[in-house]
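Trainee: Chains A and B, in that order, are what the protein sequence lines are.
In terms of my numbering, the first sequence opens at residue 2 and continues consecutively.
In terms of my numbering, the second sequence opens at residue 42 and continues consecutively.
Honestly, the hints are just simulated from the structure, not real lab data.
One thing to keep in mind: the hints can contain errors.
[As the list claims (entries may be wrong)] Chain B is faced by these chain A residues, among others (derived, beta-carbon under 8 Å):
no. : residue
1   : Y66
2   : T69
3   : L71
4   : N97
5   : E98
6   : L158
7   : S279
8   : T310
9   : R311
10  : A372
11  : G373
12  : N375
Ideal Cβ placement from N, Cα and C applies to all residues, glycine included.
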Amino acid sequence: MKRNVIILMIDGGRSDYALKSSSFNSLKQKSVFFSHPITYGPHTIAAMHAVFSGSYGTRTGTNSYWSTYLFKKDKFKIISQYLHDQNYYTVADVVNELVIPKQGLDEFHIHDEIKDDLTQRHKSFLEQMKSKNEQNQNFFLYLQYSNIHTGIMNEVLKVYKNYSKEYFEDREKNEQRYASLFKNAEKYLTEILQKINELGFPENSIILVMSDHGISVGEKVGERAYGAYCYDYTLRTFAYFMMQGITPIEISQQVRTIDFMPTILDYVEIPLDKKYESIDGESLMPLIKGEKIPEKIAYSETGNPLQDTRPPKEPNTKSVRTSRWKLILNEYDDTRELYDLLNDPSENKNLSGTGLGIENELLKKLKILKAGGNLAK
Amino acid sequence: MKQNIFFLNLDSIRSDKFTGKTKTAITPNLDKLLKNGTYFSQCVSSGDGTVISLNALFNAQFPFRIGTRAETLIFKNNNCFEILKKSGYKIYGFVPNFFAFTKFLNFCENENAGFRHIRQRNKVDLEGILNGLGEKMIELLDSNKMKEPWFFYTHAEDLHFPHAVPKEFDCEKFGESPYERILSALDQWIGNILEKIDTTNTLIIISGDHGHLIPFENKGTRDFEPEFKTGLNVSKKLMPHSTHKIGAKMIVGLRNKIRDSRLKKANEGLTPYQKRSRLPHTTLSLYEEIMHVPLLFVGINTPKNKIIHDLVRSLDIFPTVFDMLSIDTSTFKDKDGRSLIPMLEDKKLSELPGYFHTNPHKKITLNDKVGIRTSKYKYFRYARESSEKINLYDLSKDPQENNNIASENPAIVKEMEAILEGLTKNATIDEPEKLTKKQEKIVEKQLKEMGYI
Numbered sequence: 002m003k004r005n006v007i008i009l010m011i012d013g014g015r016s017d018y019a020l021k022s023s024s025f026n027s028l029k030q031k032s033v034f035f036s037h038p039i040t041y042g043p044h045t046i047a048a049m050h051a052v053f054s055g056s057y058g059t060r061t062g063t064n065s066y067w068s069t070y071l072f073k074k075d076k077f078k079i080i081s082q083y084l085h086d087q088n089y090y091t092v093a094d095v096v097n098e099l100v101i102p103k104q105g106l107d108e109f110h111i112h113d114e115i116k117d118d119l120t121q122r123h124k125s126f127l128e129q130m131k132s133k134n135e136q137n138q139n140f141f142l143y144l145q146y147s148n149i150h151t152g153i154m155n156e157v158l159k160v161y162k163n164y165s166k167e168y169f170e171d172r173e174k175n176e177q178r179y180a181s182l183f184k185n186a187e188k189y190l191t192e193i194l195q196k197i198n199e200l201g202f203p204e205n206s207i208i209l210v211m212s213d214h215g216i217s218v219g220e221k222v223g224e225r226a227y228g229a230y231c232y233d234y235t236l237r238t239f240a241y242f243m244m245q246g247i248t249p250i251e252i253s254q255q256v257r258t259i260d261f262m263p264t265i266l267d268y269v270e271i272p273l274d275k276k277y278e279s280i281d282g283e284s285l286m287p288l289i290k291g292e293k294i295p296e297k298i299a300y301s302e303t304g305n306p307l308q309d310t311r312p313p314k315e316p317n318t319k320s321v322r323t324s325r326w327k328l329i330l331n332e333y334d335d336t337r338e339l340y341d342l343l344n345d346p347s348e349n350k351n352l353s354g355t356g357l358g359i360e361n362e363l364l365k366k367l368k369i370l371k372a373g374g375n376l377a378k
Numbered sequence: 042m043k044q045n046i047f048f049l050n051l052d053s054i055r056s057d058k059f060t061g062k063t064k065t066a067i068t069p070n071l072d073k074l075l076k077n078g079t080y081f082s083q084c085v086s087s088g089d090g091t092v093i094s095l096n097a098l099f100n101a102q103f104p105f106r107i108g109t110r111a112e113t114l115i116f117k118n119n120n121c122f123e124i125l126k127k128s129g130y131k132i133y134g135f136v137p138n139f140f141a142f143t144k145f146l147n148f149c150e151n152e153n154a155g156f157r158h159i160r161q162r163n164k165v166d167l168e169g170i171l172n173g174l175g176e177k178m179i180e181l182l183d184s185n186k187m188k189e190p191w192f193f194y195t196h197a198e199d200l201h202f203p204h205a206v207p208k209e210f211d212c213e214k215f216g217e218s219p220y221e222r223i224l225s226a227l228d229q230w231i232g233n234i235l236e237k238i239d240t241t242n243t244l245i246i247i248s249g250d251h252g253h254l255i256p257f258e259n260k261g262t263r264d265f266e267p268e269f270k271t272g273l274n275v276s277k278k279l280m281p282h283s284t285h286k287i288g289a290k291m292i293v294g295l296r297n298k299i300r301d302s303r304l305k306k307a308n309e310g311l312t313p314y315q316k317r318s319r320l321p322h323t324t325l326s327l328y329e330e331i332m333h334v335p336l337l338f339v340g341i342n343t344p345k346n347k348i349i350h351d352l353v354r355s356l357d358i359f360p361t362v363f364d365m366l367s368i369d370t371s372t373f374k375d376k377d378g379r380s381l382i383p384m385l386e387d388k389k390l391s392e393l394p395g396y397f398h399t400n401p402h403k404k405i406t407l408n409d410k411v412g413i414r415t416s417k418y419k420y421f422r423y424a425r426e427s428s429e430k431i432n433l434y435d436l437s438k439d440p441q442e443n444n445n446i447a448s449e450n451p452a453i454v455k456e457m458e459a460i461l462e463g464l465t466k467n468a469t470i471d472e473p474e475k476l477t478k479k480q481e482k483i484v485e486k487q488l489k490e491m492g493y494i
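Bound conformation, chain A alone (with noise of 0.2 Å):
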């Protein structure tokens, strides 16, 4: 039997705060933890598409909060479909109908985020793979922990407004609101990890605990939650990947979140798919077995709406990031902003026009990757 695949998604898991929890941090000892991947999509819709199809949605056609139903599904073939194809069950429980593509998925749930215990329901799914574990199926699990969306959904979004003063003047509270949420995120992640050492699934399965995108806590006028910005405090993620046969790593060089899918396809011995389009993501699996691969720049888009009460449908801000440096490129005023990641993390001090040569280079890159290319051709 191949290993199975869990996915635990922490939506709008922050970086910073994964870092300081001590239930995050206790899983550092067992997997090998990523504590740079960058997202391409500041939303879930655009994030875990291209997770799981392994590209950008410059290519997959799903860029935006408004195109779930544009991804290419006869040219990109996701991870669902590639395990689905092995005789994998796949199943997914998730917020929305629209946050991943459906392809080659057996179970698609949705659950109510506001009435459902995630941590119960969750459990029972795990319960239900066993079953098909003993019945020698392998399974793909995917599970959404949408909670922290909700409360911002309920706090933030339905209250203020994009630009709302009395939201970004109060950062000590949109602080304590997000550490609260996290909590629970943490509560359900100790209680699930449970579960799934209970049922025994360390020993056959790859698990992948990870968040699809940050939240603001009000760090830049203008983006209350995510979606709106390219910024660090949305693009930052984490992710740990446990699975037998590895020594427990910390990998601090920056990767990308389409980075994933090959990985786990690489993991469990599954080629990728010539009939369907190249991928943009790459396996981590060097990295993971302490081997050098250069690092990558990674591409990241997202539609600000500005004034506006509903997001765009096209991308209208863009960045390529580097471990150091940061360029980004806000289609919708005709700016850019560069900064220095190093010295400068909370990106307050803009660099562009400054004459640095580092601005053209991004630049020539990052028109490349919003016109869906490959930098390595």
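Fit chain B to the supplied structure of chain A, relying on the hints for placement.
Mentor: Below, chain B alone, put in the same frame as chain A:
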């Protein structure tokens, strides 16, 4: 075993400079290819710019079905490269490393398929066959890394403005203009490249995306500009920094005035064709020097030393290739291009008109034109209004399009407009990347539920 395909697309190549009476370049290798293959002497492109032209070529569809204002290459479902891939072809090639081409790079098996292409206000650095790309092509052909059957596509920009003539070719012997001298130099490289190809198992195609202006007496608009270098330097030193911007504007205005006056004088007595040859190379144009491109097939079942004078379109190229090589075209539907194989077999095909559109400049002006061409007439007008800027030329009597006969031939204008309207009447740009109304309602409801609206 399927045959390989080598497609050399020469950016800016003009049909009248490739072969014929007005050609002055020395091209023994191209001449040899012409003897060994079939040449279409009346091939028209679909646009006066690279993107619009290539989109039509690669999708075998008229530009109005792909998007006449597209700024990047668009590969619709079942485009020509997808058909090749489905048929087992591995795609290799070289195109400019420019955002408009990035989607093409995804098809390429070879690394470094994007070559140096820098076009900035103060810096132009284009890697051409003459300065690096030729070597790369030979290296790839020599490498044994290409898996058969292969399709090797190169978009070479050597003939595109600005023209850098290699020293050894910069003399009259190799052509009257810098453009033609470059073509002479290119020919040598084409010979070197073709030496690396097994021509018994490879179909060779040479064509172009559009033509180019070659200034009369090698004097273009810019050559009439006065140089203000000394004046500028002195002014810069004397005047305070805050006045530099206004000063520069004034000087540019004065420079243009002097240039236009000199140009007007120098153009006295010239034909319209000669006059427009001196316009900047970015001028939107649907005249023959821009739209008429060469098309040459060599190898496989192509008759040798054959010239076909019937009107064809560059969007017929891929359907012809697929037919010639028996490539499965069951999913290659709804195309405007057609196979030209019957012509190769001396069978008569009914004439189909060429359709073309000017390159989409961001600012829409009256120079934004649309038109059609038959073997006898060229007709074009303002793209947004059928009664504006109407041009009609009788190509059989006036190949250089010097006499606009539209006003004295309303019946022909009407007939041509009817053909143009007929082509575009039921044409809507396919927009697969848009949600249906029903989908949009579903998404909107869900986004509301999640608090995003």
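Trainee: Under 8 Å, Cβ to Cβ, is where T310(A) needs to be relative to chain B, so tell me if that hint holds or is violated.
Mentor: Hint on T310(A): holds, closest Cβ of chain B at ~6 Å, below 8 Å.
Trainee: Hint check: is the beta carbon of G373(A) less than 8 Å from a beta carbon of chain B?
Mentor: holds (5 Å)
Trainee: Quick check on L71(A) please, does its C-beta sit within 8 Å of some C-beta on chain B?
Mentor: holds (6 Å)
Trainee: Hey, does the Y66(A) contact hint survive, CB to chain B under 8 Å?
Mentor: holds (6 Å)
Trainee: How about S279(A): closest beta carbon in chain B under 8 Å, or not?
Mentor: Holds: closest Cβ of chain B sits about 7 Å from S279(A), inside 8 Å.
Trainee: Per the CB criterion, is N97(A) less than 8 Å away from chain B?
Mentor: With Cβ-Cβ at 5 Å, under 8 Å, it holds.
Trainee: Take the shortest C-beta to C-beta distance between L158(A) and chain B; is it under 8 Å?
Mentor: holds (4 Å)
Trainee: Does N375(A) pass the interface hint, meaning its C-beta sits closer than 8 Å to a C-beta of chain B?
Mentor: holds (5 Å)
Trainee: Min Cβ distance, T69(A) to chain B: is it shorter than 8 Å?
Mentor: Hint holds; T69(A) Cβ to chain B Cβ min 7 Å, cut 8 Å.
Trainee: Do the numbers back the hint for E98(A), that is, is its least Cβ distance to chain B under 8 Å?
Mentor: holds (6 Å)
Trainee: Report holds or violated for the interface hint on R311(A), using the least CB-CB distance to chain B and a cut-off of 8 Å.
Mentor: holds (5 Å)
Trainee: Please check whether A372(A) passes as an interface residue: C-beta within 8 Å of a C-beta belonging to chain B.
Mentor: Holds, about 4 Å.
Against the hints set out earlier in the document, no violation occurs for any number.
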